[in-house]
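Trainee: Given these sequences and hints, build the entire structure.
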Amino acid sequence: MDVDEVAKLFSKIPKIAKAIIKATNADAFTIAQNNGKAAKQIIPHVHVHIIPRYNTTGTSWTKRKISTENELDELAQKIKNCLE
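Heads up, the sequence shown stops at 84 in UniProt numbering, and the numbers go up one at a time, no gaps.
Bear in mind the hints are in silico, worked out from the structure with no lab data behind them.
Don't take every hint at face value.
Here are the simulated SDA-like cross-link-like pairs (lysine to any residue), alpha carbons at most 25 Å apart as the crow flies [as the list claims (entries may be wrong)]:
no., residue 1, residue 2
1, 22, 1
2, 80, 14
3, 8, 32
4, 8, 41
5, 15, 35
6, 40, 56
7, 40, 67
8, 37, 22
9, 22, 53
10, 40, 7
11, 80, 28
12, 65, 7
13, 80, 13
14, 65, 28
15, 78, 35
16, 22, 80
17, 18, 34
18, 18, 37
19, 65, 77
20, 78, 2
21, 15, 4
22, 65, 4
23, 65, 52
24, 37, 79
25, 12, 79
26, 18, 43
27, 65, 8
28, 78, 40
29, 22, 78
30, 78, 14
31, 37, 51
32, 15, 78
33, 78, 56
34, 40, 10
35, 40, 1
Label pairs and their calculated CB-CB ranges [unchecked claim]:
no., residue 1, residue 2, range
36, 58, 8, 30 to 36 Å
37, 32, 71, 21 to 27 Å
38, 64, 2, 22 to 28 Å
39, 2, 59, 30 to 36 Å
40, 12, 77, 15 to 21 Å
Glycine included, every Cβ here is placed at the ideal spot set by N, Cα and C.
Mentor: So this is what it looks like as C-alpha coordinates:
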(Lines of atoms letter the chains of each structure in order from A; the text may use other names.)
(Lines give C-alpha, C1' and ligand atoms only; values in the text may rest on other atoms or scores of the structure.)
Protein backbone atom coordinates (compact mmCIF):
# COMPACT_ATOMS: atom_id res chain seq x y z
CA MET A 1 0.00 0.00 0.00
CA ASP A 2 1.21 3.47 -0.70
CA VAL A 3 1.16 6.25 1.89
CA ASP A 4 -2.13 7.73 0.65
CA GLU A 5 -3.88 4.35 0.85
CA VAL A 6 -2.58 3.76 4.39
CA ALA A 7 -3.69 7.25 5.41
CA LYS A 8 -7.16 6.67 3.96
CA LEU A 9 -7.49 3.31 5.73
CA PHE A 10 -6.32 4.57 9.12
CA SER A 11 -8.42 7.75 8.88
CA LYS A 12 -11.50 5.51 9.19
CA ILE A 13 -10.38 3.88 12.44
CA PRO A 14 -11.53 6.53 14.97
CA LYS A 15 -15.13 6.46 13.71
CA ILE A 16 -15.25 2.65 13.60
CA ALA A 17 -13.52 2.28 16.99
CA LYS A 18 -16.02 4.67 18.61
CA ALA A 19 -18.89 2.61 17.20
CA ILE A 20 -17.32 -0.62 18.48
CA ILE A 21 -16.83 0.86 21.96
CA LYS A 22 -20.44 2.06 22.04
CA ALA A 23 -21.86 -1.23 20.70
CA THR A 24 -19.84 -3.41 23.11
CA ASN A 25 -19.80 -1.12 26.16
CA ALA A 26 -16.01 -1.39 26.13
CA ASP A 27 -13.77 0.86 28.22
CA ALA A 28 -11.05 1.17 25.59
CA PHE A 29 -9.68 -0.53 22.48
CA THR A 30 -6.49 -1.90 20.96
CA ILE A 31 -5.55 -1.32 17.33
CA ALA A 32 -3.27 -3.86 15.64
CA GLN A 33 -2.10 -4.61 12.14
CA ASN A 34 0.22 -7.58 11.50
CA ASN A 35 2.64 -7.84 8.57
CA GLY A 36 5.08 -10.54 7.53
CA LYS A 37 5.86 -14.15 8.40
CA ALA A 38 7.13 -13.37 11.90
CA ALA A 39 3.75 -11.75 12.61
CA LYS A 40 2.02 -14.97 11.45
CA GLN A 41 0.78 -13.43 8.22
CA ILE A 42 0.57 -16.26 5.69
CA ILE A 43 -1.05 -14.48 2.73
CA PRO A 44 -0.03 -10.84 2.13
CA HIS A 45 -3.08 -8.66 2.74
CA VAL A 46 -4.13 -5.75 4.92
CA HIS A 47 -6.73 -5.54 7.63
CA VAL A 48 -6.86 -3.76 10.96
CA HIS A 49 -7.86 -5.33 14.26
CA ILE A 50 -9.94 -3.06 16.50
CA ILE A 51 -10.26 -5.00 19.74
CA PRO A 52 -12.61 -3.83 22.49
CA ARG A 53 -11.00 -3.81 25.94
CA TYR A 54 -12.61 -3.87 29.38
CA ASN A 55 -11.30 -2.77 32.77
CA THR A 56 -12.34 -6.15 34.20
CA THR A 57 -10.40 -8.34 31.75
CA GLY A 58 -6.83 -8.68 30.53
CA THR A 59 -5.39 -7.94 27.12
CA SER A 60 -4.55 -11.46 25.97
CA TRP A 61 -4.93 -12.27 22.28
CA THR A 62 -5.00 -16.01 22.89
CA LYS A 63 -8.18 -16.12 24.96
CA ARG A 64 -11.24 -15.48 22.90
CA LYS A 65 -14.84 -16.55 22.83
CA ILE A 66 -15.97 -18.39 19.72
CA SER A 67 -19.26 -16.74 18.78
CA THR A 68 -22.06 -18.22 16.73
CA GLU A 69 -22.90 -16.78 13.33
CA ASN A 70 -26.10 -15.34 14.80
CA GLU A 71 -24.17 -13.62 17.61
CA LEU A 72 -21.74 -12.15 15.07
CA ASP A 73 -24.61 -10.92 12.90
CA GLU A 74 -26.22 -9.24 15.92
CA LEU A 75 -22.93 -7.59 16.90
CA ALA A 76 -22.34 -6.40 13.33
CA GLN A 77 -25.80 -4.82 13.30
CA LYS A 78 -25.16 -3.11 16.65
CA ILE A 79 -21.90 -1.67 15.33
CA LYS A 80 -23.59 -0.53 12.11
CA ASN A 81 -26.32 1.17 14.13
CA CYS A 82 -23.67 2.99 16.17
CA LEU A 83 -22.00 4.25 12.99
CA GLU A 84 -25.12 6.12 11.90
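Trainee: Per the hint of 30 to 36 Å, is the separation of the Cβ atoms of residue 58 and residue 8 within bounds?
Mentor: Cβ of residue 58 to Cβ of residue 8: about 33 Å, so the range 30 to 36 Å holds.
Trainee: Between the alpha carbons of residue 65 and residue 8, is the straight-line distance 25 Å or under?
Mentor: Given pair residue 65, residue 8 is violated - Cα atoms ~31 Å apart, limit 25 Å.
Trainee: Could you tell me whether the CB distance from residue 12 to residue 77 stays inside 15 to 21 Å?
Mentor: Hint holds: Cβ distance 19 Å, inside 15 to 21 Å.
Trainee: Holds or violated: are the alpha carbons of residue 65 and residue 52 at most 25 Å from each other?
Mentor: holds, 13 Å
Trainee: Is it true that the CA of residue 78 sits at most 25 Å from the CA of residue 35?
Mentor: violated, 29 Å
Trainee: Quick one: are residue 2 and residue 59 within 30 to 36 Å, going by C-beta?
Mentor: holds, 32 Å
Trainee: With the threshold set at 25 Å, check whether the alpha-carbon distance from residue 37 to residue 22 stays at or below it.
Mentor: Distance ~34 Å between residue 37 and residue 22 Cα, so the pair is violated.
Trainee: Assess, step by step, whether the Cα of residue 15 is no farther than 25 Å from the Cα of residue 78, and give holds or violated.
Mentor: holds, 14 Å
Trainee: Do the alpha carbons of residue 40 and residue 67 lie within 25 Å of each other, as the hint requires?
Mentor: holds, 23 Å
Trainee: Between the alpha carbons of residue 22 and residue 78, is the straight-line distance 25 Å or under?
Mentor: Satisfied, since the Cα-Cα distance of roughly 9 Å is no more than 25 Å.
Trainee: Do the Cβ positions of residue 64 and residue 2 conform to the proposed distance bound of 22 to 28 Å?
Mentor: violated, 33 Å
Trainee: Are residue 40 and residue 10 close enough, with their CA atoms no more than 25 Å apart?
Mentor: Since the Cα atoms of residue 40 and residue 10 sit roughly 21 Å apart, the hinted pair holds (cutoff 25 Å).
In summary, the numbered hints that this structure violates are 1, 6, 8, 12, 15, 18, 20, 22, 24, 26, 27, 28 and 38.
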